[in-house]
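Can you join these two chains into the complex? Each is in its own frame, and there are hints to help.
Here the protein sequences come in this chain order: E and Y.
132 is the number that the numbering used here gives to position 132 of the first sequence; each next residue is one higher, with no gaps.
27 is the number that the numbering used here gives to position 27 of the second sequence; each next residue is one higher, with no gaps.
These aren't lab readings, by the way, just hints derived from the structure by calculation.
Glycine included, C-beta positions come from ideal geometry on N, C-alpha and C.
Misleading hints may appear alongside valid ones.
To be verified - Anything over 10 Å on all C-beta distances counts as not near chain E; from chain Y, calculated:
#, residue
1, 14
2, 80
3, 115
What the hints assert, rightly or not - Away from chain E, derived, C-beta distances all over 10 Å, residues of chain Y:
#, residue
4, 20
5, 37
6, 83
7, 86
8, 103
9, 105
10, 119
11, 146
12, 179
To be verified - Computed Cβ-Cβ distance ranges for the label pairs, DEER-style:
#, chain 1, residue 1, chain 2, residue 2, range
13, Y, 12, E, 53, 24 to 32 Å
14, Y, 66, E, 247, 34 to 42 Å
15, Y, 164, E, 83, 36 to 44 Å
16, Y, 191, E, 7, 45 to 53 Å
17, Y, 210, E, 9, 53 to 61 Å
The lines below spell out each chain.
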Amino acid sequence: MNRDDRRFLGALAVLGGGYVLLIAAMFAADLFFTSPAQLWRALATPEIRFAIVLTLLSASASAVVSILVAVPLGYLLARCEFPGKRLINAVLDIPVVLPPLVVGLSLLILFQTAPARFFEKHAFQVTYAVPSVILAQFSVAAAFGVRVLQAAFSQMTPRSEQVALTLGCSRAQAFFLVVLPEARRAVVAAFAIAWARSLGEFGPVLVFSGATRMKTEVLSTTVFLELSVGRLDAAVAVSLLMILMAVLVLWILQHLGRSDAIDPTVRR
Amino acid sequence: MITLDRVTIRAGGFRLQDLSFEIPAGRYGVLMGRTGSGKTTILEAICGLRAVPQGRILLDGRDVTPLRPADRGIGYVPQDRALFQTMTVRQNLSFAPGVRGWGAADTAARVAELAELLRIAPLLDRRPADLSGGEAQRVALGRALAAKPKILLLDEPLSALDDETWEGMTVLLHQVRKATGVTTLHVTHRREEARRLADQVLVLADGAVRPSAPADLEELRR
Numbered sequence: 001m002n003r004d005d006r007r008f009l010g011a012l013a014v015l016g017g018g019y020v021l022l023i024a025a026m027f028a029a030d031l032f033f034t035s036p037a038q039l040w041r042a043l044a045t046p047e048i049r050f051a052i053v054l055t056l057l058s059a060s061a062s063a064v065v066s067i068l069v070a071v072p073l074g075y076l077l078a079r080c081e082f083p084g085k086r087l088i089n090a091v092l093d094i095p096v097v098l099p100p101l102v103v104g105l106s107l108l109i110l111f112q113t114a115p116a117r118f119f120e121k122h123a124f125q126v127t128y129a130v131p132s133v134i135l136a137q138f139s140v141a142a143a144f145g146v147r148v149l150q151a152a153f154s155q156m157t158p159r160s161e162q163v164a165l166t167l168g169c170s171r172a173q174a175f176f177l178v179v180l181p182e183a184r185r186a187v188v189a190a191f192a193i194a195w196a197r198s199l200g201e202f203g204p205v206l207v208f209s210g211a212t213r214m215k216t217e218v219l220s221t222t223v224f225l226e227l228s229v230g231r232l233d234a235a236v237a238v239s240l241l242m243i244l245m246a247v248l249v250l251w252i253l254q255h256l257g258r259s260d261a262i263d264p265t266v267r268r
Numbered sequence: 001m002i003t004l005d006r007v008t009i010r011a012g013g014f015r016l017q018d019l020s021f022e023i024p025a026g027r028y029g030v031l032m033g034r035t036g037s038g039k040t041t042i043l044e045a046i047c048g049l050r051a052v053p054q055g056r057i058l059l060d061g062r063d064v065t066p067l068r069p070a071d072r073g074i075g076y077v078p079q080d081r082a083l084f085q086t087m088t089v090r091q092n093l094s095f096a097p098g099v100r101g102w103g104a105a106d107t108a109a110r111v112a113e114l115a116e117l118l119r120i121a122p123l124l125d126r127r128p129a130d131l132s133g134g135e136a137q138r139v140a141l142g143r144a145l146a147a148k149p150k151i152l153l154l155d156e157p158l159s160a161l162d163d164e165t166w167e168g169m170t171v172l173l174h175q176v177r178k179a180t181g182v183t184t185l186h187v188t189h190r191r192e193e194a195r196r197l198a199d200q201v202l203v204l205a206d207g208a209v210r211p212s213a214p215a216d217l218e219e220l221r222r
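The shape of chain Y in the complex, shown without the other chains (with noise of 0.2 Å):
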């Protein structure tokens, strides 16, 4: 479960505050905003990337305002994906079981997983460089989801995808939860990814988010 009790975050020149929303766990919300609104503020913030002066971010019950991210056991996806360059798809995958102690076969064994589940098996031993738009995105997922966080962010997962492989990242989305039970907050300003994949719909205008209404989720569904 996400929630963000009353919470105000600094941002360069402008801020959000109080903002307040909930995602239950397992289930998967869609965060949706015009470009500069803030939305990539907000999942910064659930990171511990950003400082939040007032309110609380509390992750699955557990206030988590003051921790650092590498304590509050997430699996952040950045619009860039920001993959390691220099490390091979195995090791970004490899990293963050790595970087918790996990022990080598444990290690080898979610690679496997998560390879099969993101069907980048054939990639492993690539580097970055060499990977296409799509086949980064699953591995900047896969390396999100190697630690088996509770918690997903994905920051425009599926902008400049071409169609095709947009059609097959929001399949494959729907598999990851299905096959994880990960609570996730996915944020875009397309209303075709809320439609196909969202059980809840936040909106962020003008610095406050509000749910959006049934009738709008339902309209989003048709």
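Only chain E is shown next, with the shape it has when bound in the complex (with noise of 0.2 Å):
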């Protein structure tokens, strides 16, 4: 490496590590501000067990749920022309543009309609209750999936699916068979990224859901009360978990991304 090389890259570096200075100068900030006995005793509260397992569960639902409709939409963005496709795409970025409050307020509108109210009359409750956690999370953590498998399929080539289809498949079977198996890292990719931004949503869960107690409470939803009534020990605590149970899940899905830790039998 000559001096130009190490000036250049040297000066990437600063840039870039800056940043990275920041995000673990604020986990150990949080770090040494609790300690472990201060997490247990956030644990051993049933409140935020509840909020635990709720996160554990919305977080879940709601990214499976964003899978099923990014993969499709993903697909059809990638791969097809079809009038109204750049609407769509503008359609697609409200959820990540939109003031998270804004979007918690714009559901809670939508379950003031009349049909929504038919809905919540004859089959379930939403407003207040689970499912609301579950929709709010799913309503911003699918955009962000949607972009994650859209940017997989134009990556990848039509060519093995085409063959695929030359070869006595349907397009469903190329899909499934071919395209689908071949994007596994992208949809695992996006599960995760669909999995942390629901584990982290605030906003609209607080607007839609409200932060009701061994009901609708789900981490993010504890750390805001937690601060409000002034226990900051018992927030940071919780934080700490909600970064550990990120950081668990995402190590979790970073080694199922990869094919050989699918199927090690076969020799890559």
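This is how it looks when you write it as structure tokens:
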């Protein structure tokens, strides 16, 4: 590496490294603010335990539903030309750019309309109940999942799918037997992004689901509730817990995304 | 037999119009033309991957123009081979028989037969990422032939191969043709490939396909 390379790469490292340092410093500050004893105390609280379980379940449900819509939407947007495609692309940016509170408010208003009320009356309660938590998380998380999969399908050559068609596949068979397995890593990545977004979702959940303890409280709400009553130590303990959960789940998903982890018997 | 009868093909910004040619059953046709002249587009139209707004495509006398790719009974090897990356070589070879509902024993026997013909038996449990260019080409050929198609379409099958592998592949293509009797359309821009393999040479230039004159073919063989 010559001097010019060193200076250029060094400048990039300084600029990028500052951000990495900021994240590490925030995590370290949380870590030093609390103690294992405080963490255990927080974990022992029934309300926080409930919030942990609801967070895990709702984020997982939201991520699963996100994938169910992100795979078809990502594929259609990447592979097909159709009228209104630009409009749909713009619509999908709304959950990403809109302030989270506005997403929550919009959901709340949507569920004041006659069809939604009819649904709630005859099917099940959504607003201020567990389904509202999942829906609030999903409405934002799915948009991120769509973008990940749209990019992945755009980068994949359509050739293998076309060959599958000539070999006897219907379009659906080619998709499920060839395209989807080849997009496996992207699907796992989209799931991970959707799950992580759902874990951290706060604004829409607060507005659409409320912050009722032992009913619609998720960990992001817990941080807010603990902070609002001045229990900073509990808020930090829960924040740390969220970081640990996110790291653990993302690590597991990253491991699953590696193809040799799925089929270790096959030589790569 | 491959027959194109006054076919028009739309492809992105350009159109190929009024294309007509015929490759008799069991013969090896080579379609030559410059890069970007539309050779691949013609193969894709025969496969059913491109719209044909006018004209007819007949395979062994059957009009396949309205049929979907799966129902045309063709084997197709694209230029980039497009092997199924998540599958082993064995799974790639078993794919078409599997989709077409062959039994496990018939599929296994066909894979063994192809592995011997194409000399890929030691590669059967490998993934495409672990294959050399020549090996990947042989596997792609095997995958295309697996369900015993009557028609084989090869898009620049010998491009990006070193001289030695190229030599081996031309010999192999000869052997495959002898063993299977499949009607072949091979697209290339290299005269040497036509000289080695072709019974019939077609030239695509200025949006029209014309048979190469016998004198040209003789010249190629010299």
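**Indices of hints not satisfied (ascending)** = 2, 6, 7, 11, 13, 14, 15
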